[in-house]
Amino acid sequence: MAITFKQVEFTYQPGTPFETKALTDINVTIPDGSYTALIGHTGSGKSTLLQHLDALLKPTSGTVTIGDRVITPTTSNKDLKRLRQHVGIVFQFPESQLFEETVAKDIAFGPQNFGASEADALKLAAKMLTLVGLDADLLQRSPFDLSGGQMRRVAIAGVLAMQPKVLVLDEPTAGLDPQGRLEMMDMFARLRHEQQLTIVLVTHQMDDVANYANNVIVMDHGRVVKTGTPQAIFKDPQWLAEHHLGLPKTTAFAQQLIARGMTFDEMPLTEDQLAAALVKQLPTSVLGGGDHDE
Amino acid sequence: MMSKMIFGRYIPGNSLIHHMDPRAKLLLSFYFIGIIFIANNWPTYVLLFAFTLLAIKLSGVKWSFFINGVKPLIWLILFTVVLQILFSASGGQVYFQWGIITISQFGLVNGVYIFCRFVLIIFMSTLLTLTTPPLELSDAIEYLLMPLKVVHFPVYEVALMLSIALRFVPTLMDETEKIMNAQRARGVDFGEGNIFQQMRAIVPLLIPLFVSSFNRAEDLATAMEARGYQGGEGRSKYRILKWHGRDTWATVTFAVLTVALVYLRA
Amino acid sequence: MSQIIDVEHLNYRYPQQAADQLTLTDISFTVAAGEWVAIVGHNGSGKSTLAKNLNGLLAPVSGKITIDGQVLSEQTVWDIRRKIGMVFQNPDNQFVGATVEDDVAFSLENQGIPRDEMLSRVAEALAQVDMQDFATREPARLSGGQKQRVALAGMIAARPQILILDEATSMLDPEGRAEVLQTIQQMKADSDLTVLSITHDIDEAANANRVLVVNDGHLVEEGTPAEIFQHGPALIKMGLDMPYPERLKAALARLGVQVPATYLTEKGMADWLWQLRSNK
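Here the protein sequences come in this chain order: D, G and A.
Be aware that the first sequence starts at 1, since it is given in UniProt numbering, and climbs by one per residue.
Be aware that the second sequence starts at 1, since it is given in UniProt numbering, and climbs by one per residue.
Be aware that the third sequence starts at 1, since it is given in UniProt numbering, and climbs by one per residue.
Hints may be right or wrong, so weigh each one.
As the list claims (entries may be wrong) - Okay, the calculated bits of chain G under chain A, using three or more residues with CB under 8 angstroms as the criterion:
| no. | region |
| --- | --- |
| 1 | 166 to 173 |
| 2 | 188 to 195 |
| 3 | 228 to 240 |
Read the hints as simulated data drawn from the structure, not as lab findings.
Glycine included, each C-beta is placed from N, C-alpha and C at the ideal position.
Between the sequences and the hints, there should be enough to build the whole structure, so can you do that?
Listed below in structure tokens is the structure:
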């Protein structure tokens with residue numbers, strides 16, 4: 001399911017002394033089936049844009065087209081449910097939305113709001129729990145007895161249980177340890193494949209953009225300042241620095257090598273790409289060696 | 001995001017009024033509400049309005065804030081005014097009479113006076129809250145409560161509680177908005193349906209809010225303990241209030257205003 | 001060098017835990033005055049619990065903790081808390097004051113420091129973390145990085161001998177993280193502060209003189225960052241990221257390149273690659 005913004009503007013508290021403009025002239029498309037990364041420094045308008053993906057906010061002017069629904073400034077608040085079923089949002093620190101007595105009931109909450117029967121919703125809950133890599137034993141436990149990482153997975157299962165077509169992830173790995181981060185990001189990549197999801201990832205982690213995304217939207221001062229593939233976005237480090245954004249670790253390291261006189265046909269974004277590019281430039285004597293410790 | 005409430009919002013500024021001692025502002029605002037009731041004819045009300053408008057002008061805060069302060073209360077005010085017009089004792093010329101309802105010259109004039117009182121009180125209290133940070137108000141309240149220490153009222157603790165509560169209001173408002181969004185995205189309709197449905201919708205908001213508030217409170221208590229907090233005894237104070245010449249002058253101005261009102265009243 | 005922190009056979013169990021379960025088991029280590037020590041371990045390994053034992057926020061089942069020559073006990077706990085400044089993970093939940101300057105003054109008020117001295121110490125501390133222009137701001141209008149810098153200013157003003165950072169940068173964006181890390185380095189350079197940082201961040205750990213690895217409540221390893229970073233992919237299991245040169249080494253090894261076994265810094269890695277290429 002694609003989402004298209006046309007000339008979208010958004011102002012908080014218009015007509016009051018506290019009026020603040022958050023989005024200006026947004027024209028952008030999140031293509032169906034893409035893994036789109038939304039990047040920009042804190043306060044660039046990312047989270048305001050994110051809330052438009054699910055009609056939690058309606059544009060002050062312009063239109064947002066979500067699948068076949070067009071959201072305009074005058075769209076009624078009623079009847080937005082069907083739309084929200086199709087776009088699941090995992091907010092930052094989603095474990096803070098848990099409230100039910102048991103894990104099963106919490107995961108079943110979303111589907112029931114969208115009209116599923118209790119029995120169907122609970123069946124779905126069991127399925128979703130295994131999908132996020134947790135043990136079925138946890139179903140009858142209180143969500144508040146779980147570890148932080150487990151709580152987060154339960155919250156994500158609660159969003160997946162609505163069986164959305166688009167999954168929006170707002171800094172989904174914040175506060176996790178490196179292993180937890182890695183497992184979480186791999187899980188989303190797997191889910192995207194298995195459930196044919198369109199993914200929108202809001203992140204500060206440029207390595208995640210390089211490793212997983214195929215489309216990037218860069219925001220600054222409430223505007224979309226660039227869109228393109230990760231390759232296209234990361235080839236201009238100076239432009240990124242001007243917008244308070246960093247580089248993937250590999251690209252930053254490649255810059256050091258370039259400064260010494262090495263050249264690369266294409267800017268490497270991941271360590272595997274860099275290793276492949278380096279192998280071509282290294283003497284054959286270091287290659288094909290017998291055993292090396294790994 | 002931020003609330004639409006005007007009342008209780010502080011607008012930073014650099015005016016004479018902003019720089020006044022919050023104790024002076026708090027006490028004089030209450031005093032003002034008292035002397036409004038001295039006024040009973042056109043000259044006295046005109047004087048009070050002139051005084052209030054001058055104070056607003058001095059504060060440098062935009063007029064629209066004050067108009068917005070009256071707006072939410074307008075129905076209450078009009079209701080009171082209409083009651084006053086319809087049911088007050090008759091006097092002067094009678095324009096309309098039906099049963100116990102009488103519209104008289106006396107009633108109309110009284111209605112206008114009541115309207116003026118409301119507006120004056122709202123303007124003055126809005127001026128107080130717009131030009132005084134809540135924290136300073138809490139300092140002023142702490143100071144004014146000081147005599148209660150004699151009866152072992154925990155003034156310092158109450159003051160610290162008040163300041164921590166004020167400090168966490170915006171944090172909890174953000175939190176509420178965040179959780180509401182998360183639950184709306186899971187299909188909850190807030191503010192729709194009948195009373196019963198609305199009550200049910202509030203559960204997924206309230207429980208997470210309580211859980212997160214308890215967590216915050218626990219973290220905060222740990223941080224306070226780590227930083228050596230052992231109760232109010234033996235603490236020194238960073239914030240102090242200073243009474244300046246301008247505060248004395250303001251008090252004198254109010255005294256002159258009172259004398260003028262007494263002189264002008266009918 | 002004198003030992004400013006000395007922990008001997010520390011055991012800790014949370015009140016709700018069964019008698020045979022321990023969150024920390026037989027932990028012993030020392031930290032020299034002026035040292036920077038990083039404590040790493042995955043979430044739930046017990047490293048934050050360890051930090052809270054050091055200043056008596058949690059009381060151990062058994063073991064002895066000596067801070068700057070004083071043995072931690074109910075009598076000494078407030079003295080010891082004065083010697084230790086602690087910055088926690090969540091920037092919002094440790095901000096006590098209603099404004100920046102009030103928050104910085106909080107520890108000083110608790111110590112009953114006269115107001116004139118507070119004024120100068122608060123102003124000085126705010127200038128050191130470059131937040132002097134924000135003195136009267138409310139926390140709601142600050143970024144996470146700014147709030148953590150205010151927390152650090154609170155520490156500077158209180159002048160502890162030991163600074164404990166309990167995942168102080170983990171909730172910040174990269175810019176905020178860099179700001180806070182830079183402020184800590186500056187503080188370290190200005191005084192002979194002892195720093196204990198609990199972290200997952202490889203850049204933060206790289207600043208340390210020594211790294212302690214905690215796993216399931218046990219102290220499993222201790223070494224210089226270079227020694228610890230040699231573990232390559234196993235670092236992930238220890239709750240740390242892999243340093244970039246290690247990641248690249250692993251990727252090269254997968255393509256059959258013979259890579260050096262010792263830990264290389266980014267510069268060392270670039271040197272090595274450049275050398276190889278020139279030998280072609």
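Evaluated hints:
Coverage of a stretch by a chain is defined here by at least three residues with a beta carbon nearer than 8 angstroms to that chain's beta carbons; for the region 166 to 173 of chain G and chain A the count is 4, and the condition holds. Requiring three or more residues with a Cβ within less than 8 angstroms of a Cβ of chain A, the coverage given for the region 188 to 195 of chain G is violated, as only 0 such residues are present. Counting residues of the region 228 to 240 of chain G whose C-beta lies closer than 8 angstroms to any C-beta of chain A gives 10; at least three are required, and the coverage claim holds.
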